[in-house]
Each structure stands twice: as C-alpha cells, then as structure tokens.
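Visitor: Listed below are the residues making up each chain.
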Amino acid sequence: MPAVVSLSNVHKSFGALQVLKGVSFDVAAGEVVAVIGASGSGKSTALRCINALETIDSGEIVVCGHKVHDPELDRRALRRDVGIVFQSYNLFPHLTVAQNIMLAPTCVKDMGKAEARRLAEEVLAKVGLAEKADNYPEQLSGGQQQRVAIARSLAMQPKLMLFDEVTSALDPQLTGEVLRVMEDLARGGMSMILVTHEMAFARKVASKVIFMHQGKVWETGPGAMLANPQTKELTEFLSNDL
Amino acid sequence: MSLTPVHIEFIATGALWTVGLSAIAFVGGSILGFALALARISPVPFVRRCAGTYIQIVQGTPLLVTLFLFYFGLAVVGFDSLPAIVAAGLGLVIYSSAFLGEIWRGCLESVPKTQWEAAECLALTRWQRMVRVILPQAMRIATAPTVGFLVQIVKNTSLASVVGFVELAQAGKLVNNTIFEPFTVFIVVAAFYFVICYPLSAWSRSLERKLNAGRR
Amino acid sequence: MTYQFDFSALLPYWPLFLEGVWLTLKLSALATIFGFVVGTLCAVARAEGPRWLKTVVAIYVEMIRNTPLLVQIFLVYFGFASLGLKVTANTAAVAALVVNVGAYTCEIVRAGLESIHKSQLEAAECLGLTRTQTYWHVIVRPAIERVYPALTSQYVLLMLASSITSQISAEELTAVANRIQSDTFRSFETYIVTGVLYIILSFVVRLAFTLFALVIFPRRRKLGTAI
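Protein chains in written order, with this note's numbering: chain A, 1 to 242; chain B, 1 to 216; chain C, 1 to 227.
If we strip away everything but chain A, and leave its shape as in the complex, we get:
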C-alpha cells in the first residue's frame, strides 16, 4: 500500500539559512506521526512544505498521490485531500462557527447550504461543540476555537490531517480538550502528522515519533522511543523538557 506521505531528501533554505538539510520519512495510511524537536530544528517548516505552503529547493514530496515538489502542482486538489490546523487557529472572525465550517464545502465542493449546515453540525458534535454553532469565534475560549478549527478542516473530509503545534498557544488547562479530540481522530484511523511539544501525548497516541535536529531526521521510532533515547541529542532534548 503506497504511503500517504513520502518525503525524500528534502532541502529548504530561507535565504542564507538552510532549514531542511535532507529530510526523508514516510507516513503510512492510518499512521499517527509525531514530529518533535527544538525550535529551529525545521519541524514546522517540514510540515508547511508537505502542504505546499512553502516550496522546497530540492528533493521530492508525494502526498496522497500529489507530487508536491512539482511546480505544476494543482494546489487546490492537494488541499482537498489535506487538512491543516494552525497554532493560532485562524478562524474567520466575521463568520459564526457554523459559517466558518460551511464556507469551504459550499465554495469548493458546491455543497448546498442545508447540506453544509448538517455537515457542520455533524463535525461540531464530533469535537464536542454542537451547541456553539451560532456563536462567533470571539465568544469562545482558545481551546474551543482550536476545536472549531479542527472541525473546519474535518468538514472537507481530508485523507491526511496536519497539526502545527496546535496546543502551544493555549492555556495549560485548555490543551486537554484539544488533545482528546486529536486522540479520537487517531483512534478513528485518520492519517495524522503532528508537530508538538506534548511528549506525553506523543508517547501515548503516536504510532511513530520523529525527532528532528538541525534540519535532519535525527532519530525515529515508536512512541516508546521517548523513554529510551538512542542519541545524545534526543536525550538532551528530552531532559530539557522535564
């Protein structure tokens, strides 16, 4: 079965600064991959390259059959298969929660309003916010807004979900509700790549953990690897985390 995501020897520089120095890894269908590492290790950049938010300098990225490294890539087609949730949620402030979720299905998939509304209520129920459908984002807490952001991406029924440090901007007591939603998604069989600092979550939920250091994949293994680091860089990173 072909991998959902496949990176081969990806290089990416921002001007003189080389951020990715030959990154290669695969994500199989249904796998949950946690990408960890210090800031500057290139993990967020790698994620953004997967969704064609940044263009790579060399190497190959294939996502759900789309050749992301190809300059002729149909980005909209790629984005129909990939959902991404950002650290700062990026909800549309002038639309209600339901309208936020309905926007893409009605614009991109030409869904009718009534059908889109039903879909919105369905995904909101999945993240536990069915009663907030007609509220505006500013009326919700950070954790609730992030869950809405997840629902918004889920409404497009992607084959792959990307999470870019989605709990880093939240108050500690609000991260739990978001992590629970992500865990439910994982158990439901969604292919996921999460860039995260939540080590406990990574160990529990991820089927594979990738530790990135200085723009390269430094160590990779199952969640248990975090209890048993092989390289000194990972050991150091984990001890800083405690």
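Misleading hints may appear alongside valid ones.
Unchecked claim - In silico DSS-like pairs for lysine-lysine, Cα to Cα no more than 25 Å straight-line:
| id | chain 1 | residue 1 | chain 2 | residue 2 |
| --- | --- | --- | --- | --- |
| 1 | A | Lys113 | A | Lys132 |
| 2 | A | Lys159 | A | Lys208 |
| 3 | A | Lys109 | A | Lys126 |
| 4 | B | Lys173 | C | Lys86 |
| 5 | C | Lys118 | C | Lys54 |
| 6 | A | Lys132 | C | Lys222 |
| 7 | C | Lys222 | A | Lys113 |
| 8 | A | Lys159 | A | Lys113 |
| 9 | A | Lys67 | A | Lys159 |
Stated by the list, open to error - Computed Cβ-Cβ distance ranges for the label pairs, DEER-style:
| id | chain 1 | residue 1 | chain 2 | residue 2 | range |
| --- | --- | --- | --- | --- | --- |
| 10 | C | Ile33 | A | Ser141 | 39 to 47 Å |
| 11 | B | Leu122 | C | Trp22 | 57 to 65 Å |
| 12 | B | Glu109 | A | Pro93 | 25 to 33 Å |
| 13 | A | Asp171 | B | Pro112 | 45 to 53 Å |
| 14 | A | Gly188 | C | Leu41 | 43 to 51 Å |
| 15 | C | Leu83 | B | Val44 | 52 to 60 Å |
| 16 | B | Pro112 | C | Leu11 | 48 to 56 Å |
| 17 | C | Val87 | B | Thr4 | 29 to 37 Å |
Worth flagging that the hints you see were computed from the coordinates, not collected in a lab.
All residues carry an ideal CB built from backbone N, CA and C; glycine is no exception.
Start from chain A and add chains B and C according to the hints.
Guide: Coordinates of chains B and C only, in the frame set by chain A:
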C-alpha cells in the same frame, strides 16, 4: 491656446492670495481651536458642552453655507462695505477652529492617563501639568493630522470665490470669462492647487510614518 | 443693530426647503453608492493589480486629494461639454462627486484590506478556496466591516460637500436657499434655516448608516463589538 503668460500670471497672483487666506484661516483657526480643545477636556461640564455644541454645529454645516452666513450676516449687522476677504476669512477661521479643535482634543486625550497622574503626583498645578508634560507629548502626536488638515484648508479657500474674493479658483473663473476655455483654465488652476497641496500631503504622511515607527 | 429678524417671511417657502432636502439626499445617495463601488474596485486594484494599474490608481487618488472639489466639479462639468455630451447639471454633479469620493473610499478600503492578517489568507487557501473566493469571503467582507465607521464619516462629509454643486446650478438644498434668499431678501434667516437643515440631515444620514450596519453586519448586531 489663447491662454497667455499674462493670464497665467493673474492666476498665479490668485494662488498667492490662496496661500495668504489659508495662513489667516490656519492661524485664526489654531488659536480658537486650541481654546476649544482645552474647553472640551475641561472639568466643568457646562464648558465642555458649550464647546461640543459649537463644534457639532460648525461641523454639521457645509462650509459654503457658513461663508454665506458671514457674507450676508456681516452686512446685516451694519458692516456692509467690508471686503470679501473679511467674510471669507472669518468663515474659514470658524470652520477651521471646529475641526482643529476636535483633532487636538483627540491628541490631548491620547496622551496616556498615566502621564496626567504622574504629573499630579509630582504636585504640579493643573496649568504646569498641561504646559510641561501633556502639551509637548500631544503636540508630537498632533503634527501629522494638523498638517493633513492644512491641506483641507487650502482646498477649502476655493469656496471664497463664491463670495467674490479673488483667490486661485476665482482668478480661474475670471480668466475663463475672457477666453472661454474652461477645461484648459481649470487644469492650470488644479495644477497650482496640486503644487501647493501635494508637498503638504507628503509631509503629513512622512510625519505619520515617523510617529508610528517611534511608537513601541 | 437695527436688523429685525423675520423668519415668518420664509414660512411660505417651506415646501421648497423640503424639496431641497430631498434633492440633496438623492444626489448624495447616488454619489455614495457609485462612489463606494468605484472606490472599492480601485482599492482592490491597488492591492492586487498589475504594477501599471497600481500607479494609475495612485495618481488618480493623489490628484483628487490635492485639488479642491469646486475645481473638480468645474472640470467634470466642462469636460462633458468638451466631449460633446449634453448632460444635466445634476448628472455632472453626481459624476464629479463619484470621482471625488471614489478616491477617498479607495484609501479607506485599502487600509481595511491591508489590515487583514496574512494568516487568514493561508487558512482559506488551505481549505481549498480559490483566490477570488478567498478575497471576497475572507478579505473584502471583514475589511469593509472594519472600516465602516470611517466610510460613514466620509459619506456624511460628502452630503455636506454636495452643497458645492450649487455652483454649477445642480438642484439641491443650497441652490434652493440661494433662490429663496434672492426672492425674500432675508439672506441671514434663509442661511440659518439652511444650516439647521443640513445639521439635521447630518444626524439623519449618520443614523441611517448606523442602522444599515446593523442590518448587513449580523456580527455587529449580535455582539455589538468592532471586528
């Protein structure tokens, strides 16, 4: 083109009068506007309300109507042989005072409350607080919008033509009445206005940029 | 002062005054609607268009902002004549006002467009929306909501500035006032009444814009906060 250098010179003289009238309006409007701004932040509610009402009335009336009121009003109270520049000047001073007063009130109020409190805690009198702490800061904030409004004043002097004062627009009308080439004449008039206003506009924008760069 | 105020001389003219008010409202409404469309298109052109278009719009805006409305009105009025088109004074007045307020609207809306954070665009793109869809749903709509107060002030000023069109004999309140004062010789009283009518109009127009906002911006109606 029947627009001769003599005509251009006549229009240029009008431009000089435009600059002069603008200066009168600005100076007069500034003095009155400053008093209004202080009145608007006065601790006495009656003073605040009076100033506020004056500003609302002047801002809610078209400048043209204000000019007519002064033009005919002065004749009514017995000053019926005054030159047009007096009516135009008074009308523009009143108009400018209301807008400058509001601009400067906004600038005074945007000086953080903590500055007022700090000055008070240093046992300065209200007057000392105003002059030594608040005004210098307010003036820095006020420079960009004040220069911006100066552009408005210059443009609004064109209405003095309606009461017969020979400034730039009226000079254009008079020239047009002799050579009947309105498009050409008013392009020249517009060019003169542009030459006066554009440097002021550009200066106001650069002041605003510098102010925003300086803000933390 | 030996002058005797006599407002009663104006009483028989109150239907004319009301007609003047109505004409001013019509003139201003037309200019506002078309001016808004022109201004918004220019703002989008300035934000997204090719380089030459951005320059053209920038020149247009600077020329309008640095010349008086009176001169612009003359140029439009005589411009029509020089093109051989016969237009009514009111049509020329609306055209001149549209050209004028379009430039100011462009600057206001442009500031609004630029205030939308890049991350909003990214989120919309990642949901698969086209550039046009993103622009309309995620940039233009909230931008207009954000700059609505500035637009309201601009259009109230427009209504007051419409008095200048009396100089090309457009039919509106100031032109009516000029006629009445030359009929009655009660200039002072006439212009006082006119001034009061404009002040009332300012309130009414501002109120109308506020109510309109509550209709078209459901977020504002429900939450009462600025976006």
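Visitor: Provide an ascending list of the numbers of those earlier hints which the structure does not satisfy.
Guide: 13
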